[in-house]
Amino acid sequence: MAQSRIGMAPASRGARKGLRLAAREERMAWLLLLPSVLLLLTVALFPLGRVFYSSFTDARFAAAGSQEVNFVGMRNYRELLSFTLRELPYQVDADGVRRYDHPRLFLRRLDTSMSYDEVVTFDLFGTRYVLGAVRPEFVRSVIDTVIFTVVTVSLETILGMIVALALAAKFFGRNAMRTAMLVPWAIITVVSARIWEWMFRSNRSGFFNSLLDRLGWGDGNTGFLTEPALQLPSIIAIDVWKTTPFMALLLLAGLSVIPKELYEAAEVDGASPIRRFFTITLPLVSPTLAVALVFRTLDALRVFDLFQVVFGERRFSMASFAQYTLVANRDVGLSSAASVVIFLIIFIFAIIYIRALKVDSGD
Amino acid sequence: MKRWFFAAALVLGGAAVAQQDVTITWMGGSNAPAQQFAAASAQRYMDANPHTINGTEYNVTIEFVAGPESTTDRLSLYLQYFEAQSPEVDLMNIDVIWPGDLAAHLVDLYQYEGFEEAVEAHFPAIVENNTVDGELVGIPLFTDAGLLYYRSDLLEEYGYDGPPSTWDELEEMARTIQEGEREGGNQDFWGFVWQGNAYEGLTCDALEWVASHGGGTIISPDGVITINNERAIAAIERAAGWVGSISPEGVTGFLEEDARGVWQAGNAAFMRNWPYAYVPGQDEASPIRGKFGVAPLPAGEGGSPAATLGGWQLAVNAYSDNPAVAADVALHLTSYEEQVRRAIEVSNLPTIEAVYEDPELLNSEVAWFADLLPVFQNAVARPSTVTAPQYGETSRIFFTAVHDVLTGQEDAGTALAILELDLMELHPDFEVGTPE
Chain A
2 MAQSRIGMAP
12 ASRGARKGLR
22 LAAREERMAW
32 LLLLPSVLLL
42 LTVALFPLGR
52 VFYSSFTDAR
62 FAAAGSQEVN
72 FVGMRNYREL
82 LSFTLRELPY
92 QVDADGVRRY
102 DHPRLFLRRL
112 DTSMSYDEVV
122 TFDLFGTRYV
132 LGAVRPEFVR
142 SVIDTVIFTV
152 VTVSLETILG
162 MIVALALAAK
172 FFGRNAMRTA
182 MLVPWAIITV
192 VSARIWEWMF
202 RSNRSGFFNS
212 LLDRLGWGDG
222 NTGFLTEPAL
232 QLPSIIAIDV
242 WKTTPFMALL
252 LLAGLSVIPK
262 ELYEAAEVDG
272 ASPIRRFFTI
282 TLPLVSPTLA
292 VALVFRTLDA
302 LRVFDLFQVV
312 FGERRFSMAS
322 FAQYTLVANR
332 DVGLSSAASV
342 VIFLIIFIFA
352 IIYIRALKVD
362 SGD
Chain B
310 MKRWFFAAAL
320 VLGGAAVAQQ
330 DVTITWMGGS
340 NAPAQQFAAA
350 SAQRYMDANP
360 HTINGTEYNV
370 TIEFVAGPES
380 TTDRLSLYLQ
390 YFEAQSPEVD
400 LMNIDVIWPG
410 DLAAHLVDLY
420 QYEGFEEAVE
430 AHFPAIVENN
440 TVDGELVGIP
450 LFTDAGLLYY
460 RSDLLEEYGY
470 DGPPSTWDEL
480 EEMARTIQEG
490 EREGGNQDFW
500 GFVWQGNAYE
510 GLTCDALEWV
520 ASHGGGTIIS
530 PDGVITINNE
540 RAIAAIERAA
550 GWVGSISPEG
560 VTGFLEEDAR
570 GVWQAGNAAF
580 MRNWPYAYVP
590 GQDEASPIRG
600 KFGVAPLPAG
610 EGGSPAATLG
620 GWQLAVNAYS
630 DNPAVAADVA
640 LHLTSYEEQV
650 RRAIEVSNLP
660 TIEAVYEDPE
670 LLNSEVAWFA
680 DLLPVFQNAV
690 ARPSTVTAPQ
700 YGETSRIFFT
710 AVHDVLTGQE
720 DAGTALAILE
730 LDLMELHPDF
740 EVGTPE
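Those protein sequences? They're chains A and B, same order as listed.
Whatever position you read off the first sequence (first residue = 1), add 1 for my numbering.
Whatever position you read off the second sequence (first residue = 1), add 309 for my numbering.
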């Protein structure tokens, strides 16, 4: 007993001493971290807070103090997020054919405090409905950006994996190929967007129109960037061309750490290449794949430069809508509210995504 | 430091009057000829140093900075300077549609000597466009107006005496020449190219169609929304009919340079564009060199020809440290002598009426400027002053509505009815009416 007490004493004294040391070290750590924390607060949280604050005001960009700033509560958010779903009225004409009201004129004639414009008109169970929003451009920008993100990231992942697998194999000129592969990624987006804009030209001076014309498809006047149905596919093609190399590079790094012995063993056991891919490659590359996916998805949701260069004010991504509202429209309040909504969308996306892919599970 | 050494040197050297050294930063256009001309023009001012301004002698250095090429980008950059109340740029080139929007950040030039007299020589419409609440916020540097370019060789070949004076004539000539040229084997030939993309340029083109049909100017200068009228509907309906018939389908994605590309390759009978396209068209390497002419745009039924007013002005930043000196530089850069040189060297249209009669100009390659003087004089202004600070949004809903008609998503009647409602919402104080 006594012995054990004697034996305990130095240990607990040591533990206390260790605790004090730990506390001291922790204090020290905090002191050392303080500048970074302060810096982070000023450069990240302060602007974020300001955006949040101005989203409740009617502030105008570069107003020179000529206009006072009023607090308008949720008005900007109501403007962005108000929807109305209405049945579209119709008259039956002499031939018994339904003559529907014009959806945009119908929405504008509604006796509401908000003025709605058409997002989409659709038929359901023999009735025609119109979905209206106060800012249909914003709703469209969200839909377009999400479609853009899902399609580009999927294609980039699949193509990136194929490229990475090809470049992981040993062959003559592999290093040259790896370098060449990175060229699209190395070109500044603004430049590559402009190059593609030229290739997508709507007459035979454009590469694709001249190609299609040679092949006998189309009339050589396809408006890839002006026809609404072709706009998203075109811009997706540009992004896939540009970003696949980046995806391939990340995956190549993941592939290179897989031990060769596993493949040798599998080969000896008679596993087919496809089997080897799904049982060895994919599981072992999946942590890298998950990081790459999160990286690319969040990046794609924030896309700005590509839309800005290719479409300007014809079609918006979420970010280019916010920029347009801020500068061209000079509406700080609405732009801030849009930025907050975009922030929340990306934030929710990130959380769901990271959970689903188990990126943060620690192992 | 340098400044002190210089001052000390002056004192030690026994100079009678100490001059003040000032550097004026000027932000202007970024294309190579514009930059070269700006540098030469600035040098002429610096060679005349020192300048006496408000009783003080200044030794002025002008530093030219090329701004972003796109006017939209330039505007965002300026707005960012203004938001930060930055004195970084003293003198800035501003687009003809900006004075109303930017007036709060620009110096009233009337407070400086020489401007009252100077502006009297300029076209009144352009001066009026630069006048906001009685203040002169910019002095015209050069102007722009929409023009009709025509292939004189093809008109002759197909038996026409000269360029069309009405849209009906243009359509007829364009169709005939297009059919003939295609039968002759040129499948890429089109009758008429213009700017149909959804951007500010479409506002300019569509304003010309509407105004030339007597359909008004979207919003009148005294704040009446006039766009929803029969003549405007007819004008835009007519333009929509060109798409795919005498104009390529892709014209709804064309900017100025796209139209010029088709035209200069010899693949169009007519083109609507700004005067800048003249010089490259007459270039040694141009296939249409010497084969084309320039005329006023055609008129519609019940209207007279209309050209949209474009152009650039010089403005002094209200946050500048040396506004008086910057204003004096602006006076030099926009002077008669400089405008003559500018017209001849970079084919920018002068804003001083008398320059069009200058013998030096009349003996140069751009002598045709003089023939089109009435066009420039009567150019139609976009409703940028009356709608400030919401011209950007006003223009966007206008060109979006027109673009919807051009691409066949909406008929002109409905599009303009919706446009009227949107304009009423954007400008609750404005009345609704008909033109004139």
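Do not take every clue at face value.
[Stated by the list, open to error] Anything over 12 Å on all C-beta distances counts as not near chain A; from chain B, calculated:
id: 1; residue: ALA348
id: 2; residue: PHE391
id: 3; residue: ASP410
[Claimed, not checked] According to the in silico footprint, chain B covers these stretches of chain A (three or more CB under 8 Å from chain B):
id: 4; region: 30 to 44
id: 5; region: 54 to 64
id: 6; region: 274 to 287
id: 7; region: 290 to 301
id: 8; region: 310 to 316
[What the hints assert, rightly or not] So the derived label-pair ranges between C-beta atoms look like this:
id: 9; chain 1: A; residue 1: ARG303; chain 2: B; residue 2: PRO737; range: 28 to 38 Å
id: 10; chain 1: B; residue 1: ALA574; chain 2: A; residue 2: VAL184; range: 52 to 62 Å
id: 11; chain 1: A; residue 1: PHE84; chain 2: B; residue 2: LEU386; range: 47 to 57 Å
id: 12; chain 1: A; residue 1: TYR264; chain 2: B; residue 2: LEU564; range: 52 to 62 Å
id: 13; chain 1: B; residue 1: SER595; chain 2: A; residue 2: ALA254; range: 26 to 36 Å
id: 14; chain 1: B; residue 1: ALA574; chain 2: A; residue 2: GLU268; range: 32 to 42 Å
id: 15; chain 1: A; residue 1: PHE126; chain 2: B; residue 2: GLU740; range: 53 to 63 Å
id: 16; chain 1: A; residue 1: ALA187; chain 2: B; residue 2: ASP382; range: 41 to 51 Å
If you are wondering where the hints come from, they were derived from the structure by calculation, not from laboratory data.
Beta carbons are placed, not taken as given, at the ideal position from N, Cα and C, and that holds for glycine.
Status of the hints after comparison with the structure:
Even its closest Cβ contact with chain A, about 27 Å, leaves ALA348 (chain B) beyond 12 Å, as expected for a residue assigned away from the interface. Its closest Cβ contact with chain A, about 4 Å, brings PHE391 (chain B) to no more than 12 Å, contrary to its assignment away from the interface. Not every CB of chain A lies more than 12 Å from the CB of ASP410 (chain B), the least distance being 8 Å, so the non-interface label is violated. Under a criterion of three residues with beta carbons nearer than 8 Å to beta carbons of chain B, the stated coverage of the region 30 to 44 of chain A fails, only 0 such residues being counted.
Coverage of a stretch by a chain is defined here by at least three residues with a beta carbon nearer than 8 Å to that chain's beta carbons; for the region 54 to 64 of chain A and chain B the count is 4, and the condition holds. Against chain B, the region 274 to 287 of chain A contributes 0 residues with a C-beta closer than 8 Å to a partner C-beta. That does not satisfy the three-residue criterion, and the hint is violated. For a cut-off of 8 Å, the count of residues in the region 290 to 301 of chain A with a CB near a CB of chain B stands at 0, and the three-residue condition is violated. Only when three residues or more bring their CB closer than 8 Å to a CB of chain B does the claim for the region 310 to 316 of chain A stand; here the count is 3, and the claim holds.
Judged by the Cβ atoms, the range 28 to 38 Å given for ARG303 (chain A) and PRO737 (chain B) holds: they are separated by roughly 35 Å. Between ALA574 (chain B) and VAL184 (chain A), the C-beta spacing of about 30 Å breaks the proposed range 52 to 62 Å. Between PHE84 (chain A) and LEU386 (chain B), the C-beta spacing of about 36 Å breaks the proposed range 47 to 57 Å. For the hinted restraint 52 to 62 Å between TYR264 (chain A) and LEU564 (chain B), the CB-CB distance of approximately 54 Å keeps it satisfied.
At roughly 52 Å, the beta-carbon separation of SER595 (chain B) and ALA254 (chain A) lies outside the given 26 to 36 Å, and the hint is violated. The supplied range of 32 to 42 Å is broken by ALA574 (chain B) and GLU268 (chain A), whose beta-carbon atoms lie about 59 Å from each other. A beta carbon spacing of about 44 Å between PHE126 (chain A) and GLU740 (chain B) contradicts the range 53 to 63 Å that was offered as a hint. About 24 Å separates the C-beta atoms of ALA187 (chain A) and ASP382 (chain B), a value inconsistent with the hinted range of 41 to 51 Å.
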